[in-house]
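Enquirer: Here are the chains, one letter per residue:
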Amino acid sequence: MDYFVQQLINGLSLGSIYGLIAIGYTMVFGIIGMVNFAHGDVFMVSAFIALILFLILTQILGIASLGVALLVVLVLGMGLTALWSWVIERIAYRPLAGSFRLAPLISAIGMSIFLSNFVQVAQGPRNKPVPPMLNDVISIPLGGGTITISEKQFLIFVVTAVLLVAFWALVQKTKLGRAQRACEQDRRMAALIGVDVNRTVSLTFVIGGALAAVAGVMFMAYYGVVNFSDGFTPGVKAFTAAVLGGIGSLPGAVIGGLLIGLIETMWSAYFSIDYKDVAAFSILAVVLIFMPSGLLGRPDVEKV
Amino acid sequence: MQAGSQGGLPPASVSMRELVKEAAIWALVALGLCFPLIAFRTDQGFSHQTVLDARPYLVAALVIAVFAGRLLWRLFKHPQRTRRVLFPPLDLSHRHKAWLPRAGLAALLIFPWLALTLTGQAGAIKWIDNFGVQILIYVMLAWGLNIVVGLAGLLDLGYVAFYAVGAYTYAIIATYVIPATVPVLGPWAFWICLPIAGMLAAFWGILLGFPVLRLRGDYLAIVTLAFGEIIRLVLINWVDLTNGNIGIQTPRITFFGLPFTSRTGETTFADIFHLPGSPTVHRSIFLYYVILGLALLVAFVTQRMRRLPVGRAWEALREDEIACRSLGINTVNTKLTAFAMGALFGGLAGAFFGARQGFVNPRSFEFMESATILAIVVLGGMGSLVGVAVAAVVIIGGIELLRELDWLKSIFGDGFDPGQYRMLIFGFAMVLMMVWRPRGLIASREPSIALNEAKAVSGAHVKEGHG
Numbered sequence: 001m002d003y004f005v006q007q008l009i010n011g012l013s014l015g016s017i018y019g020l021i022a023i024g025y026t027m028v029f030g031i032i033g034m035v036n037f038a039h040g041d042v043f044m045v046s047a048f049i050a051l052i053l054f055l056i057l058t059q060i061l062g063i064a065s066l067g068v069a070l071l072v073v074l075v076l077g078m079g080l081t082a083l084w085s086w087v088i089e090r091i092a093y094r095p096l097a098g099s100f101r102l103a104p105l106i107s108a109i110g111m112s113i114f115l116s117n118f119v120q121v122a123q124g125p126r127n128k129p130v131p132p133m134l135n136d137v138i139s140i141p142l143g144g145g146t147i148t149i150s151e152k153q154f155l156i157f158v159v160t161a162v163l164l165v166a167f168w169a170l171v172q173k174t175k176l177g178r179a180q181r182a183c184e185q186d187r188r189m190a191a192l193i194g195v196d197v198n199r200t201v202s203l204t205f206v207i208g209g210a211l212a213a214v215a216g217v218m219f220m221a222y223y224g225v226v227n228f229s230d231g232f233t234p235g236v237k238a239f240t241a242a243v244l245g246g247i248g249s250l251p252g253a254v255i256g257g258l259l260i261g262l263i264e265t266m267w268s269a270y271f272s273i274d275y276k277d278v279a280a281f282s283i284l285a286v287v288l289i290f291m292p293s294g295l296l297g298r299p300d301v302e303k304v
Numbered sequence: 001m002q003a004g005s006q007g008g009l010p011p012a013s014v015s016m017r018e019l020v021k022e023a024a025i026w027a028l029v030a031l032g033l034c035f036p037l038i039a040f041r042t043d044q045g046f047s048h049q050t051v052l053d054a055r056p057y058l059v060a061a062l063v064i065a066v067f068a069g070r071l072l073w074r075l076f077k078h079p080q081r082t083r084r085v086l087f088p089p090l091d092l093s094h095r096h097k098a099w100l101p102r103a104g105l106a107a108l109l110i111f112p113w114l115a116l117t118l119t120g121q122a123g124a125i126k127w128i129d130n131f132g133v134q135i136l137i138y139v140m141l142a143w144g145l146n147i148v149v150g151l152a153g154l155l156d157l158g159y160v161a162f163y164a165v166g167a168y169t170y171a172i173i174a175t176y177v178i179p180a181t182v183p184v185l186g187p188w189a190f191w192i193c194l195p196i197a198g199m200l201a202a203f204w205g206i207l208l209g210f211p212v213l214r215l216r217g218d219y220l221a222i223v224t225l226a227f228g229e230i231i232r233l234v235l236i237n238w239v240d241l242t243n244g245n246i247g248i249q250t251p252r253i254t255f256f257g258l259p260f261t262s263r264t265g266e267t268t269f270a271d272i273f274h275l276p277g278s279p280t281v282h283r284s285i286f287l288y289y290v291i292l293g294l295a296l297l298v299a300f301v302t303q304r305m306r307r308l309p310v311g312r313a314w315e316a317l318r319e320d321e322i323a324c325r326s327l328g329i330n331t332v333n334t335k336l337t338a339f340a341m342g343a344l345f346g347g348l349a350g351a352f353f354g355a356r357q358g359f360v361n362p363r364s365f366e367f368m369e370s371a372t373i374l375a376i377v378v379l380g381g382m383g384s385l386v387g388v389a390v391a392a393v394v395i396i397g398g399i400e401l402l403r404e405l406d407w408l409k410s411i412f413g414d415g416f417d418p419g420q421y422r423m424l425i426f427g428f429a430m431v432l433m434m435v436w437r438p439r440g441l442i443a444s445r446e447p448s449i450a451l452n453e454a455k456a457v458s459g460a461h462v463k464e465g466h467g
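So the sequence lines, in the order shown, correspond to chains A and B.
Mapping of the first sequence onto the numbering used here: position 111 corresponds to residue 111, and the numbering continues sequentially without gaps.
Mapping of the second sequence onto the numbering used here: position 2 corresponds to residue 2, and the numbering continues sequentially without gaps.
Calculated directly from the structure, the hints in this document are not laboratory data.
Since the model is a prediction, treat every value here as computed from it, not as a measurement.
Note that beta-carbon positions come from the ideal geometry of N, C-alpha and C, so glycine has one too.
Among the clues, some could well be false.
[To be verified] Negatives, chain A to chain B, calculated, CB over 12 Å:
hint, residue
1, 7
2, 71
3, 135
4, 136
5, 140
6, 144
7, 155
8, 166
9, 173
10, 177
11, 186
12, 242
13, 273
14, 274
15, 296
[As the list claims (entries may be wrong)] Distance condition first, Cα-Cα at most 25 Å in a straight line; then the derived SDA-like pairs of lysine to any residue:
hint, chain 1, residue 1, chain 2, residue 2
16, B, 21, A, 94
17, B, 21, A, 276
18, A, 276, B, 364
19, A, 276, B, 241
20, A, 276, B, 367
21, B, 21, A, 86
22, A, 152, B, 49
23, A, 276, B, 48
24, A, 152, B, 48
Generate coordinates for the entire structure from the input sequences, incorporating the hints supplied.
Expert: Structure (structure tokens):
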């Protein structure tokens, strides 16, 4: 029992990271109908930005308080990653608006290759260890044993929950969120009633980038090591999560992310750690075959 | 201002101040992008901790370059000038259509001899093997994927899985099965495994095709991507069968049973035919013609299939699935045949790859390969065989040429490693190609069936299919 609850906690913290990345995929897909393949690498870039900012703050500026350092890293990292995401949209996707469907996908794949190799050239191919932080654990006795939640996991839950609520309010209550939902439903109609579609698409990329940066900071703190090739697998899994939850649906992306994280952790805990990714991908295939629009997605209406 | 006037000063309405302001914004964005990733390099310290190494001059140079570049661009590029098409799409109408493939084929046939005459024994291997064979493998793979994506309109992001099935079929049968059961057939391993690899890959194509046929568009793309990753992960983790990450050493290709090189003193190809020169060159030339034959087989089958009812159904399916169903076309069978045909050719190419490398491991079957093959098909104009071949030469030839950048060391000093910029340039080139030429290099395609005369159709009228 305690083992199961422990794995549940581990799975949920991993799933929170996937969920944050998945939101970027699902929003962009909802609004312009393209798979932003480079999003996983934007996440990797953000993890590097977070690591460098953290080292600047602690080593060069000598800030002793970990809380202050992490907060600054989070805020600055979100801004800088959002800038990356914005520039990528302007260079690689905006010129292709209205082009045929595969062109943005190929462009995004090219961007993904560019980003991971750019980081490899700029930062070197080695694993970059992160100074250990937040390793204290809270132990809770349960059943016959104890479960432990590390401060890192606690931080992940809190930050994810707070940001999701803030983000939810942004989409539901603000003018920007209304414009975004309008573009998602019908881009041309939204343009006709005075929504600046290009600006809304740009802002979608900015928000997606900022949320990926949150995931990047968490990833850096949680795993303690970053590498230039870290974008691909989490990116594919987050996309899997977005599809699993029903692509285009925001709560779906979060639920999908948590599910993928849980599946992966439970599989590693109870079966074989080697095949954890195989399990995640197989479950994706099974879900899609029996529920093609995902858990919370709208069914695809075929218009003749 | 008149459109079309060349260069000169910008219109009076844009003041110099605004231009400087805009360039300054660009420079600021560049500074934002450079700030953490280029300005500080993470390095390993003495006690294995990560330390930072500041590079302020590099960032300053980049930011100034962006500022100056943008300013000059705005000064000398007329904002109202009509956009000039940089590379007009090739129009393969009647005149070109007849001679281009034939001339290309003739050039392909004489290529190894030309390379041998021009560069001699030592230089020829590089040209025949690194360029010729490498490009032809991708031509074959892209033509195979073209059946699935270009003709049937099913977006497949996991094509490399079938390539892997073919390569591992060859590796396992030729290395373990044949020596253990009928060792006499050892030298014939490649020719025995080739059809088996093709059939197994086609079988996997059908196996994958069955469940995913209900999916459309991007869902199909993600499931095929997942399938490609599953195959690769199984190859890594099923160590008993595949030897995991280390891979399998495979027997080299033979000339219909005659080995090219021999460590045990058997009669070799060069002995029988009394050929001069290095046996490695003989093998490269033989490999070149084998893959050329296999690729031409794919082209031939594709051209014939397009005229068969099933081939016409593929293209109809790409244009409109609902109309197809209304007309009584069995969409399940149509999609399955497209998947199986594509997988079959992927498997054949995989078996060839295994025999050529003399070595297979899972690193050759990463997602990058699928992405490259798909990029070739899209750049080739989706559906046009000549276009796909040209695109393969451009992309794979370009990647190989980027290996030859060692002369840059004389400019930037010895610490500069041009090799690591290869994929960086490749990725960015993919983006630029899509921005400039989203419909591919070849703009027109030949209809598979026509009423009176065959007119080339613009690629822009062809749908890309929704899976």
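Enquirer: Next, verify each hint and record whether it holds.
Expert: Each hint, compared with the structure:
1. A cut-off of 12 Å between C-beta atoms confirms that residue 7 (chain A) is not in contact with chain B; the least separation is 21 Å.
2. Chain B leaves residue 71 (chain A) outside its interface by the beta-carbon criterion, the shortest separation being 17 Å against a cut-off of 12 Å.
3. Here residue 135 (chain A) stays apart from chain B, with its beta-carbon at least about 16 Å from theirs, past the 12 Å limit.
4. Every C-beta of chain B lies more than 12 Å from that of residue 136 (chain A), the closest at about 20 Å, which supports listing it as non-interface.
5. Even its closest Cβ contact with chain B, about 33 Å, leaves residue 140 (chain A) beyond 12 Å, as expected for a residue assigned away from the interface.
6. Here residue 144 (chain A) stays apart from chain B, with its beta-carbon at least about 33 Å from theirs, past the 12 Å limit.
7. No beta-carbon of chain B comes within 12 Å of the beta-carbon of residue 155 (chain A); the shortest separation is about 21 Å.
8. Distance to chain B confirms residue 166 (chain A) as a non-interface residue, since its nearest Cβ pair spans about 23 Å, more than 12 Å.
9. Listed as a non-interface residue, residue 173 (chain A) keeps its Cβ farther than 12 Å from every Cβ of chain B; the least gap is roughly 29 Å.
10. Even its closest Cβ contact with chain B, about 24 Å, leaves residue 177 (chain A) beyond 12 Å, as expected for a residue assigned away from the interface.
11. No beta-carbon of chain B comes within 12 Å of the beta-carbon of residue 186 (chain A); the shortest separation is about 19 Å.
12. Residue-level check failed: residue 242 (chain A) sits 9 Å from the nearest beta carbon of chain B, not beyond 12 Å.
13. The beta carbon of residue 273 (chain A) is not kept farther than 12 Å from every beta carbon of chain B, the shortest such distance being approximately 10 Å.
14. A beta-carbon of chain B comes within 12 Å of the beta-carbon of residue 274 (chain A); the shortest separation is about 4 Å.
15. Even its closest Cβ contact with chain B, about 15 Å, leaves residue 296 (chain A) beyond 12 Å, as expected for a residue assigned away from the interface.
16. The hinted pair formed by residue 21 (chain B) and residue 94 (chain A) meets the criterion: a straight-line CA distance of about 23 Å does not exceed 25 Å.
17. Distance hint between residue 21 (chain B) and residue 276 (chain A) is unfulfilled; the C-alpha atoms sit about 52 Å from each other, more than 25 Å.
18. For the hint pairing residue 276 (chain A) with residue 364 (chain B), the CA-to-CA distance comes to about 21 Å; that is within 25 Å, so the pair holds.
19. Annotation: proposed proximity of residue 276 (chain A) to residue 241 (chain B) holds, straight-line Cα distance about 19 Å (limit 25 Å).
20. Taking the CA atoms of residue 276 (chain A) and residue 367 (chain B), the gap is near 18 Å; set against the 25 Å cutoff, the hint holds.
21. At roughly 20 Å between alpha-carbon atoms, residue 21 (chain B) and residue 86 (chain A) fall within 25 Å of each other, so this suggested pair holds.
22. The hinted pair formed by residue 152 (chain A) and residue 49 (chain B) meets the criterion: a straight-line CA distance of about 20 Å does not exceed 25 Å.
23. Restraint check: the Cα-Cα separation between residue 276 (chain A) and residue 48 (chain B) comes to about 30 Å, which exceeds 25 Å; the hinted pair is violated.
24. The suggested pairing of residue 152 (chain A) with residue 48 (chain B) holds, with an alpha-carbon distance near 23 Å, which does not exceed 25 Å.
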